[in-house]
Structure formats: C-alpha cells, structure tokens
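K.L.:
Residues per chain are reported as follows:
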Amino acid sequence: MQKYSIFNLVKNAFSNHQNWDLAWKDPTPKEEYDVVIIGGGGHGLATAYYLAKEHNITKVAIIEKGWIGGGNVGRNTTIIRSNYMHDENGLFSEFGMDLWRKMSQDLNYNVMFSPRGIINLAHSDAQMNAYARRGNSMRLNGIDAVLLNREQVKEIIPMADFSDNVRFPIFGGLMQPSAGTARHDAVAWGYARQADSMGVDIIQNCEVIGFDVSAGKINGIRTSRGNIKAKKVGLCVAGSTNILAEKLNMTLPIETHLLQACVSEPIKPVLDNVVTFGAGHFYVSQSDKGEMVMGGDLDGYNSYAQRGNLPTLQHVLTEGIAMMPFLSKLKMLRTWGGIMDMSMDGSPIIDKTHIEGLYLNCGWCYGGFKATPASGWTFAHTIAQDRVHELNAGYSLNRFNTGHLIDEKGLGTKTWIS
Amino acid sequence: MLYINCPHCGMRSQNEFSYGGDASVKRPELNKEVSDQEWDNFVYNRKSLRGKHLELWQHISGCRQWIKVERDTATHEIFRTFKADEEVA
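Note that the protein sequences, when read in sequence, are chains A and B.
Here our numbering is used: the first residue of the first sequence is 1, the next is one more, and so on.
Here our numbering is used: the first residue of the second sequence is 419, the next is one more, and so on.
Don't read these hints as lab results, they were simulated from the structure.
A hint or two may mislead.
Cross-link-like lysine to any residue pairs, in silico, SDA-like; alpha carbons within 25 Å at most [claimed, not checked]:
id	chain 1	residue 1	chain 2	residue 2
1	B	LYS450	A	THR251
2	A	LYS414	B	SER436
3	A	LYS414	B	LYS465
4	B	LYS465	A	MET198
5	A	LYS232	B	LYS501
6	B	LYS465	A	ASN398
7	B	LYS465	A	THR251
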C-alpha cells in the first residue's frame with residue numbers, strides 16, 4: 001500500500017497526481033471466507049480492520065448493498081464523546097476515545113480528529129445536580145468532566161442567550177474537554193483502505209437476500225452476486241437490522257427511525273465547541289468549512305425514508321434559536337436524514353446470537369459515529385474469540401430478558417419519544 | 419408534513435398528533451400464565467419492517483382519541499385509519 005506522506009504528495013505532484021494507487025480494490029466475491037461482515041459502514045469497516053490487525057484474520061469480506069460509507073457514517077454530525085454516567089457506556093466510549101486519538105496515525109489517513117470539547121447546558125438547579133452526579137461518575141471512570149457555572153459558560157460561548165427574560169435560562173453546564181469531532185467520511189475511507197491492504201475484500205453493490213442456516217449454525221449467505229460460504233457472519237447494518245433479522249426469523253428489541261441533521265451557510269469562526277441544549281434535544285458545532293452543523297430529535301415514527309420531514313426540523317431549530325438567537329439569521333444550506341437502529345433502552349447490542357457463528361452489532365440510536373472504533377474493536381474480538389470482551393459484556397442481547405437494561409436517558413422503551 | 423385522517427375529526431396535520439408505536443403488538447392475557455418470552459415480545463421485541471406498518475397515534479391536540487394508522491415506513495404514504503377498537507383485517 002502506498003503510504004500517504006508529504007514526500008509521496010510531492011513525488012506525485014510531478015505526475016499531476018495521476019499515478020496514485022486506488023485506495024481499495026473492487027474484487028469479485030470469492031466462494032468462501034472465514035468471516036463475512038454485512039454492512040460497509042463505519043462499524044463494518046472498522047470490524048474488518050481490527051479482525052485483520054488484532055486477530056490476524058484476513059480471509060474476510062465486507063458485503064455492502066450500496067457503496068461503502070453511504071449510510072449513517074456519511075450522514076451524522078461527527079460528534080465524538082464519552083460523557084456517559086453508566087459504567088458500561090462510559091468505559092466502552094472512553095476506550096474508543098483512546099482509539100480516536102491515535103486513529104490518524106494508525107490508519108495513515110487524516111481523520112481530522114478535533115478534541116474541541118462538548119458542553120451540555122443546564123437550565124435549572126435540578127439539572128445542575130444531575131450533571132454534577134454524571135460528572136462525578138465520569139471522573140470515577142477516568143473520563144474528564146468539568147462542571148461549569150453560568151459565568152464560566154458565558155466566557156466560552158458568549159453568543160448563547162444569557163439575557164434575563166428567557167424561558168430556559170442557562171444555569172451552567174457539564175463539559176468534557178477531550179470530546180470533539182472528526183471528518184466522518186475519512187473514518188470510513190481510512191478503515192477501508194487499511195482493511196483492503198491487509199487482504200479484506202470490500203464488495204460493494206452486493207445485497208444480502210438470505211442466510212444459509214442449518215442445525216442452528218450459519219454456513220453462509222445468499223447475495224445478489226451469488227452464494228458465499230462463511231464460517232462466521234457479523235451483522236453491522238444499523239437501520240437495516242430489522243430487515244435482515246426478519247430473514248433470520250429473529251425479532252429484535254430494535255425499531256428503525258429517522259434522524260435528521262442540517263448545516264447552515266458557512267460563516268466565520270464563531271463556535272469553538274460542541275454545545276447541546278439542555279431543555280430539549282438540539283446540538284450544534286461549527287465545521288472547518290464554517291457551516292453550523294445542527295441536529296436534534298428523531299422524526300418520531302418508524303421510518304426507512306432516509307429523508308426528513310419539516311415539522312421536526314422546525315421544532316429542533318426552534319430550540320437552537322432559543323439557545324443561540326444568532327442562528328435565526330443564517331440560511332440553511334443542506335438537510336439530510338439517516339435511519340437509526342433505536343434499541344429499547346437506548347444502548348447498543350454487540351453480542352453472539354442463538355445461531356452459532358452469527359454475531360450481532362446494532363442498536364446504536366443517536367450515538368453510532370463516535371462508537372465506530374470501539375464498536376469495531378469489540379465486535380472483532382467477539383467474532384474472533386467467539387466470546388464477548390468485558391468492554392461489550394453489558395451490551396448483551398439477553399439483557400432485555402434478564403432486566404439488566406442500560407437506560408442512560410431514562411426513556412424506557414420509548415427511545416423514539418421527543 | 420403528514421396528513422392523518424382522524425376517524426373522529428377528519429383530515430388533520432401531523433402537528434396535532436403524537437406517535438404511539440406499533441399497533442399490532444398484543445398485551446398477553448393476564449388471566450393465564452405468562453412466560454418471560456411473551457412479556458419480552460410485548461414490551462421490547464418489534465418487527466419494524468420496511469413497508470406497511472400498523473401503528474398507534476393519539477390526536478393529542480384534537481379529540482385526544484387514540485387511533486390506528488396504516489402507513490408505509492419507506493414512502494410515508496397513509497393508506498387507512500381506524501378507531502382504536504376497530505379490528506384491522
């Protein structure tokens with residue numbers, strides 16, 4: 001594989017950049033693989049990369065219906081954080097933060113990781129208490145957390161509404177300084193390029209139409225480009241999880257919902273951090289291009305549409321304007337939507353299934369992008385060793401049966417409620 | 419914007435409604451032994467497929483009645499609406 005470096009950049013400049021190698025190949029599917037990963041998104045690509053790198057399993061194929069990185073890894077708001085209260089979520093995400101910090105070097109691909117800090121705003125005394133509690137839990141798990149009072153928040157984001165007669169006055173906030181953003185497409189492409197170089201076949205435009213299961217064991221998959229035998233199969237298909245589960249006669253604690261995001265026209269640098277509104281569901285950051293990147297609630301009903309509906313967008317941006325009034329002066333540049341695999345407690349599932357050799361990675365709700373490296377790392381471990389790692393032991397499928405839910409937001413089974 | 423034909427009030431905009439989830443889920447009969455699996459299926463497990471989906475909505479800013487709506491989850495087309503106690507064939 002051609003290394004990306006300043007020297008190679010200069011060298012290739014002499015040939016007008018016409019002689020760069022392809023970042024990944026376009027192979028035809030082989031008859032058999034040791035592991036087949038279904039879904040060429042961030043999580044699937046990362047899983048294949050860590051299977052090859054950490055477990056030396058390289059007879060691997062990624063099967064993608066469309067093109068790699070065309071789903072949620074290309075449709076998110078790029079926020080990376082580990083500001084969770086529960087141990088399962090906190091330790092898993094903080095492990096991921098370490099992988100994020102090293103990612104550009106590991107992948108030899110600039111993912112533009114920018115640890116600019118995230119601030120969750122609080123709008124009441126009760127919320128400040130809740131944030132203090134969450135911050136303490138985070139610090140006990142080795143995650144950085146700083147409780148800010150109103151004056152400290154004002155110093156960092158003076159453009160927020162600090163006037164006297166607002167419906168939701170800012171009391172303070174909880175900040176995780178090490179959180180941030182990254183260039184989402186680069187994450188997918190970086191993992192794809194490295195996985196390909198280690199022998200993983202990335203097979204695009206190949207739809208899975210069925211599974212070959214006999215005597216409780218997976219033998220392979222049926223695709224639009226022929227049958228593929230596989231000793232192990234991993235599902236990493238986010239919003240399409242329910243569709244594939246039906247082909248396996250499985251009913252999962254997952255619903256598929258639509259989440260929108262949008263960006264404004266680019267403006268000069270105004271916002272250094274990621275900021276979330278505490279009296280609703282709205283978050284904003286500013287991209288390197290200057291666009292304000294914004295998102296919030298789900299559309300609120302089961303959907304596979306991958307495009308949004310205006311009432312929700314209006315609702316979300318109303319919250320944004322309540323928090324930062326200057327946003328009302330901006331023109332909207334683009335909006336888009338992705339389909340989320342909403343689990344019934346708001347936390348993911350990375351586990352084995354009742355079918356031998358079939359592994360499940362789903363239920364990422366709002367937080368799939370930031371989990372990309374940790375999800376790939378633990379899923380690769382689960383597949384390679386045929387047992388869960390302690391980091392994803394809590395993300396079991398049977399927790400809904402045993403009652404060990406990880407209900408970070410306290411929403412119960414209605415994670416789509418807004 | 420979705421337009422939902424409330425069986426009590428007529429055609430109204432989505433803004434007046436609140437979503438209530440899959441309407442095909444049946445609560446287990448309480449006068450018999452209920453297995454853990456049956457409770458799981460009622461509380462957590464959902465098919466949530468692409469295509470026709472029967473779901474509950476509440477006309478929260480209107481007549482406040484719960485209704486059933488048959489809607490396509492990919493195109494968002496609404497085919498039929500029913501009163502909450504109407505059986506759907």
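K.L.:
LYS465 of chain B and MET198 of chain A: Cα distance at most 25 Å?
P.N.:
The hint is violated at about 37 Å.
K.L.:
Please verify whether LYS465 of chain B and THR251 of chain A have alpha carbons no more than 25 Å apart.
P.N.:
6 Å, holds
K.L.:
Compare the distance between the alpha carbons of LYS414 of chain A and SER436 of chain B with 25 Å, and conclude whether the hinted pair is satisfied.
P.N.:
13 Å, holds
K.L.:
Verify the proposed pairing of LYS414 of chain A with LYS465 of chain B, using a straight-line Cα cut of 25 Å.
P.N.:
15 Å, holds
K.L.:
Against the 25 Å threshold, does the CA-CA distance of LYS232 of chain A and LYS501 of chain B hold or violate the hint?
P.N.:
47 Å, violated
K.L.:
Can the restraint linking LYS465 of chain B and ASN398 of chain A be considered satisfied, given a maximum Cα separation of 25 Å?
P.N.:
17 Å, holds
K.L.:
Below or equal to 25 Å on CA atoms is what counts here, so check LYS450 of chain B against THR251 of chain A.
P.N.:
With Cα atoms ~24 Å apart, LYS450 of chain B and THR251 of chain A stay inside 25 Å; holds.
Hint compliance for this structure: hints 4, 5 are broken, all remaining hints hold.
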